[in-house]
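Note that our numbering has the sequence shown beginning at 13, numbered continuously upward.
If you're looking for bench data, these hints aren't it; they were derived computationally from the structure. Beta carbons: idealized from backbone N, C-alpha and C, even for Gly. Don't take each hint at face value.
Simulated DEER-style distance windows between Cβ atoms [unchecked claim]:
1. Asn42 <-> Ser63: 26 to 32 Å
2. Thr95 <-> Asn42: 17 to 23 Å
3. Thr46 <-> Lys69: 14 to 20 Å
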Amino acid sequence: MAKTNFKYINDAFERPRKMGVTGEICCTMNGAGTRWCQAACKSAMYAPTLSVDETLKRVEYFCDNGIPADAELLACVNHVVQTLRDHTNHI
Numbered sequence: 013m014a015k016t017n018f019k020y021i022n023d024a025f026e027r028p029r030k031m032g033v034t035g036e037i038c039c040t041m042n043g044a045g046t047r048w049c050q051a052a053c054k055s056a057m058y059a060p061t062l063s064v065d066e067t068l069k070r071v072e073y074f075c076d077n078g079i080p081a082d083a084e085l086l087a088c089v090n091h092v093v094q095t096l097r098d099h100t101n102h103i
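All chains should be modelled from the sequences, with the hints used to inform the complete structure.
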């Protein structure tokens, strides 16, 4: 396999891996999020076919409801995704 092909494959898997890590950080925080919000967060973060915008929309749909614990989880997701966007070209 040529080096460029390997790089393409590596880049193709880079975004889902980073979103999965974001899910591990934000979706499972102690005391953050209701059961519904946590489930939506995990579902969205581990869905490799969703774009970043679709992922955020899914989390916002369930977590942007005025409940403080859900707001904390949503803030974590937004912060981590924005940080990844600022520091990489893969997301």
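Hints, verified against the model:
{"no.": "1", "hint": "Asn42 <-> Ser63: 26 to 32 Å", "result": "holds (29 Å)"}
{"no.": "2", "hint": "Thr95 <-> Asn42: 17 to 23 Å", "result": "holds (21 Å)"}
{"no.": "3", "hint": "Thr46 <-> Lys69: 14 to 20 Å", "result": "holds (18 Å)"}
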